[in-house]
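Visitor: As they're listed, the protein sequences go chains A and B. For the first sequence, this note's numbering puts the final residue at 591, and the numbers step up evenly by one. For the second sequence, this note's numbering puts the final residue at 1591, and the numbers step up evenly by one.
The hints are simulated quantities; they were obtained by calculation from the structure and are not laboratory data. Idealized CB from N, CA, C, for every residue including glycine. Treat the hints loosely; a few may be bogus.
[Claimed, not checked] Simulated crosslink set (EDC-like; lysine to aspartate or glutamate; CA at most 16 Å straight-line):
#1 B:Lys-1190 to A:Glu-8
#2 A:Lys-290 to A:Glu-252
#3 B:Lys-1355 to B:Asp-1521
#4 B:Lys-1190 to A:Asp-317
#5 B:Lys-1190 to B:Asp-1156
#6 A:Lys-55 to A:Asp-20
#7 B:Lys-1402 to B:Glu-1390
#8 A:Lys-190 to B:Asp-1020
#9 B:Lys-1126 to B:Glu-1412
#10 B:Lys-1059 to B:Glu-1348
#11 B:Lys-1059 to B:Asp-1020
#12 A:Lys-190 to B:Asp-1317
[Claimed, not checked] Covered stretches of chain A, as calculated for chain B (at least 3 residues, CB under 8 Å):
#13 49-55
#14 77-91
#15 366-379
Number of protein chains: 2
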Amino acid sequence: MIPRTSPELMAVARGDRPADLVFTNARVVNVFTRSIEQTNVAVFGGRVSGVSHHKIDAKQHINLDGRYLAPGLIDAHMHVESTMMMPRHFVSVASPHGTTGVVFDPHEIANVLGMPGIRFLMDASKNLPMNTLFTASSCVPSSAFETSGASLHADDLAPLFDDDRVVALAEMMNFPGVFLGDQAVLSRVKLGLERALVDGHCPGLTGASLGAYVAAGIGSDHECTTAQEAQEKLALGMQIFIREGSAARNIEALVSAVTPENASRFCFCTDDRHPGDLHRQGHIDHAIRKAVWCGLDPITALAMGSLHAADHYRLPDLGAIAPGRQADLIVFDDLFDIRPTSVYFRGEHIAEHGKMLNRLDDADYDLDDSIARGSVRIDPSFNAESLRIEAQADSDLIRVIKADPHQLITGEQHMRPTIAGGHLVADPSRDMLKIAVIARHGASSGVGLGFVTGFGFTGGALASTVGHDAHNLAVVGSNDQDMTIAVRTLQESGGGQCVVVSGEVKALLPLPIAGLISDQDAPSVIAQQDALLAGVREIGCPMEDPFMPLSFLPLPVIPKLKLTDLGLVDVEQQRIVPLYVNENDGPKPTA
Amino acid sequence: MIPRTSPELMAVARGDRPADLVFTNARVVNVFTRSIEQTNVAVFGGRVSGVSHHKIDAKQHINLDGRYLAPGLIDAHMHVESTMMMPRHFVSVASPHGTTGVVFDPHEIANVLGMPGIRFLMDASKNLPMNTLFTASSCVPSSAFETSGASLHADDLAPLFDDDRVVALAEMMNFPGVFLGDQAVLSRVKLGLERALVDGHCPGLTGASLGAYVAAGIGSDHECTTAQEAQEKLALGMQIFIREGSAARNIEALVSAVTPENASRFCFCTDDRHPGDLHRQGHIDHAIRKAVWCGLDPITALAMGSLHAADHYRLPDLGAIAPGRQADLIVFDDLFDIRPTSVYFRGEHIAEHGKMLNRLDDADYDLDDSIARGSVRIDPSFNAESLRIEAQADSDLIRVIKADPHQLITGEQHMRPTIAGGHLVADPSRDMLKIAVIARHGASSGVGLGFVTGFGFTGGALASTVGHDAHNLAVVGSNDQDMTIAVRTLQESGGGQCVVVSGEVKALLPLPIAGLISDQDAPSVIAQQDALLAGVREIGCPMEDPFMPLSFLPLPVIPKLKLTDLGLVDVEQQRIVPLYVNENDGPKPTA
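Isolated chain A (complex conformation) (with noise of 0.2 Å):
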C-alpha cells in the first residue's frame, strides 16, 4: 500500500493522474456527517484518492448505480480462538461478510501458551486481506482458581507493544483486582496508558466499585447487557462496545441508550463467535442488522461498525471513505437490511455475494505450528479411576452446578448423591451428570470433580478442551467409562471436542492447535461442528450446543458455582468449596 505522504498519492488526488479504479453513483456512507451523498470514489495505491461528484480519471470504472458504499466493518473485540478457526480461515469467513478489520485478543491462547502463544497468533495474522490489530492479553491467568498454562506480567507484555499492530491492553477481566488497588494488575493497566490505552471487561459493575475502575483509566466495556449499565458506563467516559456473539447477544437490551449525541462512544464487537454462526449469520454486519431491525439508524449503525472503532483504537487509517483512508469498502443494497455483496480490502476485490474471490492459499501462510501443537498434556497416571469420588455419607447434600444453555452465569443446587458401590455417581434420571475439570497443562495432576444439572442427556459423554480461561479439558458424563474415553480421545488428538456414547466416539471435532484451534479450513471446521452437534442430539442433550456452557464451566471469575482442576469454587465468595454441603448451611433439598 501506498503511503500517504506519496507524492504519486498527491498527483493523484489533484487529478494529475489516473486513480486505479473509480466507484461511479456510488450511494456513499458518510461516517463523519452520518449522511449519504451519491457521488464518485476513487482508489489508488490501496488508499482512497478522491471522494467527488466531478468525473474522475482512472484505469477501471465501477459504476454501482446507486448501491451503497460504506467503509469495511470492524470488529472492535473478539477472541479469534472462539471461531476454532486460524486467522486465515477466520477470515475467509468474517471477509465475505464485509469485516475488513478486527481487534484480536488472543487471551485464549495466552491461556494456554503464554508469550509464544501471543507471538504464533500475530506471526498467523500476517499478510491476510484484513486489518488484524491486537490488544496484550492481560489476565494470564484470569484467577488464582485454576491452573493456566502460563503467567503474564507486565514485563512480558511490554515488548507487544513495539508491534504497531497492538492498539490496546486487551480488556482487564481482573476488575475486583483493579479498584481493589492490587499491585500486579495495576501495573499492567499502567503499561497499557503509557503505550497506548486500557480496554475493560466489567459486567454488572456499578457505583464507586465501577468508578474507581475507571479513576484507573480503563476506557471500554464490551460486556454491557442493560441499557442503564451502558448509560452509567458511559457518563464515566467509556467506550461501549456493543456485543453480538455466539454466547453474549446484546444487541436488542442496548441499541436503546444509543442517541445522535453520544454515538460516537459506541462501537460494536463479538467477543466470541462460533463458525457456524459466522459462516451462516454473520459477524459485524449481523450486528449492524440487528441492531437496525431493533431500531437503530442504519447509517449510526455502520458508523459504530467502522469509524467509532477505529476512532477509539487511534487508527486514522481506517473506518471512513475519506481520501488517504485506505480503501476497504464493502458494497450493498439496501440500507436496512445490510449484506454485502461485494468487499475490497485495500481497493482489491476480495469477495463477491459471500465468497473469497481468492483463495487464501495455505503455503502462503506456511507458519511452523510445532509451538502450538500438543499442548494437551494430560498426567500419564489418568484413568478411570481418576473419575470416583468415595462417598462420604448417604444423607448429606451435595453442591451441584446448575447449567443455564444460554447464560454464561450458573447456578448452585444442593441435591441428593446417587451412590452405587460405594462412590458417587451421576444419575441421568435426574438430570444430574458427572462433572470433570483435568488439568491439561503438563504442569499438574489436578482433578476437580462434582455433578451438573441442565445437560440433561442419558447415556455418554460430551468432552473439551476449550475450557475457559486456563483450557483444562471438560467433560460431563453418564458414566467414568465413556468420560474416560472421551478424555483420551481428545489426548490423542491432541485437543478438541467431542461426543462418546457406550464407548464409541460419535463425533470428534479435533482442535490441534492449543487445544482451541483447527488446523482445517472452514467449510472442514464448519462440517465438524455440525457433525458433533448432530451427535449431541443423538445422545438425547436438549441443548443446542453444549458446548458452550461446558467451556464455561470452569470458568471462576463469573459467578457462581464453577468447576476448574482445583476444584469447585464459589465464584461470589471466592474460595474453593467442599462437594458436601453442611447441611446447617444452604437451603433444603430441591431434587
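Starting from the structure of chain A, add chain B where the hints point.
Guide: Below, chain B without anything else, positioned relative to chain A:
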C-alpha cells in the same frame, strides 16, 4: 498529581479513604452524554476520584448550591507569542477565564530563533497551573519569499516528539507544498503521522486540492470562514477548530455547521489573542459565550471547549469530569452566559472572580532568557538613506498594498507615485504611506520597500518587530525620518512596537524576548499596549489596531500583495514583483 493507577486513588474512589475535597449540590456538565446532573464530585491527589449522588467523605466540602461545575476549558491551537506575554503571564490572564489547557504552537519564536526558541518556550511553560501542550512548528520558514531567523527540517523537529507535551505536528500552512507533493514538506508530515498526528491550516482550500491535503494525513483545520467550508472539510474527516481570536473571528459564520451528530468533530481555538482582548473579553470562555449567543447549545459548546479538544489530541486525562481525569474544573452561574467564577487546576483552587489567587512568583520561573534576547540584529549600515526609493518615470503607476483593518488578506491597488527630489515619497493626502520591511536576523541586510494605503494617518510612523511569519521589522510612515527613528527605537529596545511622530517616540511596547514577547507582567503589557493604541489615535490613524494589519503585511502566504525584506510579493502568482507596474498590465489607476 497522583498516578491513575495508584492504590490510594482506588481506595478513595471505593470510599475506603476520604477524598481531599468534595463539591456538593453541583450541576455537573457531563460532556460525554451532553447532559447536566445535580450530583457530587470528589477530588483526590489532583484527580476526580468520584462522581456520585451518595455522600462522599472528604476533608473539605464545597457546597455549590446548584451552581454549574464543568471541565476546564482547552484552547486547541494558539500562538502564545500573540499575547506578547511569557507563558506564566499569559496563564495569569487566561486561568481566571477558565482556561486549564492550551496547545501552543511556538511558530513565531521558532521563525526567529529556531529550535532553541521552541525549547525556551517549552521550558518557560513548565510548572504552570495549566496543561501546556505543544505542537511541533511545521513551517519554519513558512515561505521562501522572506528571510526568517531559522529553518527547521523533519530531522530537527523529530526529537521534540520525545517530550510528552508535544501532541502533534503544528498547523501545516504550506498546503500547496503538501498537495503539490514537495518532498521536504511531506517528510515533516510523515514525521508527524508517525509520532502523533498532524494539524492543518488551509484557508479556502477546496475540491481536489483539499482532498490531496487530507489524503496526506492532515487531520484538522482552524481556518474555516464559512459553514460550507467547514462542512466540506468535516465530510473528509477533518477536526474543525472554530477560531475566535483577536484577528480572525469565525464563530458567527461557523456555528450553524455544528449538529448533535457531528459536534464531537468540532473544538475551539483562538490562534492569535491580543493581551487586552484576553483580559477584557476572555479566552475560550469568550468563544463559548459568543457561540451560545449565536445559537449553539451551551452544553455542546462546553464539550467543544473541553473534551473534543482532549479527544483530538488523545489526552484521556483531560477534558471531562470523570473518575481519574485531572480535576480541572470551572464553576459558573449561568449556562447561557458562562463566566467562570471559580477555577480549579488539578484540584487546586487557582482563580476566583477573575483573579488569580496566588501570584505566579517570577522567582519560581527563573529562566535564563539570554538565548531569546538581542534578536533584533539590523545591518549596522541601515539609515534613512536605506528607505529611499529612486523615481524612475513620473508617468508610471506603482503597486500599492491595500490594507484592511480586519483582514489578513490585502489587495493590490495601482496608483500614481508622488515624487519629491527625485524620490518616491509617502503622500498622506492620498492615504499612500511608505512601508519598509527590514531584515532583522543578522544574516541579511535586506530592506523591502513599498507603499500602502489604508492606514490613513497623516504624520508619523508605526513600527513592529512582530511581522509574520519571519518577524522582520515592519515600519509604515509618512516620512523617512520618523520611520528611521522608529526602526532605531525598536533596535534599541531589542524589539517591540512603537509610534513615532515629529521625531519623538510617542509610545513604545518593548518586546525584548525574540522581538515578540514582553518581559513584563500582564498588567504592564496591557497598559503598554493601551498606551500604544492611544499613540496610534493621536497620530490620526482611524484603525482600531493598525499593528494587526502591519504585523501581517509581510506574510507572503496570504494573498494578495505583500512586502517582505526581499521586496513586494504577489502571493497568488508566487513571485516577487517590481514596484512599478507595466502600464500595459493591470487596471487603470483608481487614485
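Visitor: Could you run down the list of hints and mark each one as holding or not?
Guide: Comparing the hints with the structure gives:
In summary, the hint linking Lys-1190 of chain B to Glu-8 of chain A is supported, as the alpha carbons are separated by about 15 Å, within the 16 Å threshold. Taking the CA atoms of Lys-290 of chain A and Glu-252 of chain A, the gap is about 8 Å. The hint holds against a cut of 16 Å. With a C-alpha separation of about 14 Å, the suggested pairing of Lys-1355 of chain B with Asp-1521 of chain B holds against the 16 Å cut-off. Among the hinted pairs, Lys-1190 of chain B with Asp-317 of chain A is consistent with the structure: their alpha-carbon atoms are about 13 Å apart, no more than 16 Å.
For the hint linking Lys-1190 of chain B to Asp-1156 of chain B, the alpha-carbon distance of about 14 Å falls within 16 Å, and the restraint holds. A C-alpha spacing of about 14 Å is found between Lys-55 of chain A and Asp-20 of chain A, which places the hinted pair at or below 16 Å, so the restraint holds. Between Lys-1402 of chain B and Glu-1390 of chain B the CA atoms are separated by roughly 22 Å; this puts the pair beyond 16 Å, and the hint is violated. About 23 Å separates the Cα atoms of Lys-190 of chain A and Asp-1020 of chain B, which puts this hinted pair outside 16 Å; it is violated.
At most 16 Å may separate the alpha-carbon atoms for a hinted pair to count; Lys-1126 of chain B and Glu-1412 of chain B exceed this at roughly 44 Å. Under the criterion of a C-alpha separation no larger than 16 Å, the hint pairing Lys-1059 of chain B with Glu-1348 of chain B is consistent with the structure, at around 14 Å. Restraint check for Lys-1059 of chain B and Asp-1020 of chain B: satisfied, since their Cα atoms lie roughly 5 Å apart, inside the 16 Å limit. Distance restraint check for Lys-190 of chain A and Asp-1317 of chain B: the Cα-Cα separation of roughly 13 Å lies within the 16 Å cut-off, and the hinted pair is therefore satisfied.
Given as covered by chain B, the segment 49-55 of chain A passes the check, having 5 residues with a CB less than 8 Å from a CB of that chain where 3 are the minimum. Coverage of the segment 77-91 of chain A by chain B is violated. Counting CB-CB distances below 8 Å, 0 residues qualify, and the rule asks for three or more. For the segment 366-379 of chain A, the proposed coverage by chain B is not satisfied: 0 residues have a C-beta within less than 8 Å of a C-beta in that chain, short of the threshold of three.
In the structure shown, a violation is registered for the earlier hints numbered 7, 8, 9, 14 and 15, in ascending order.
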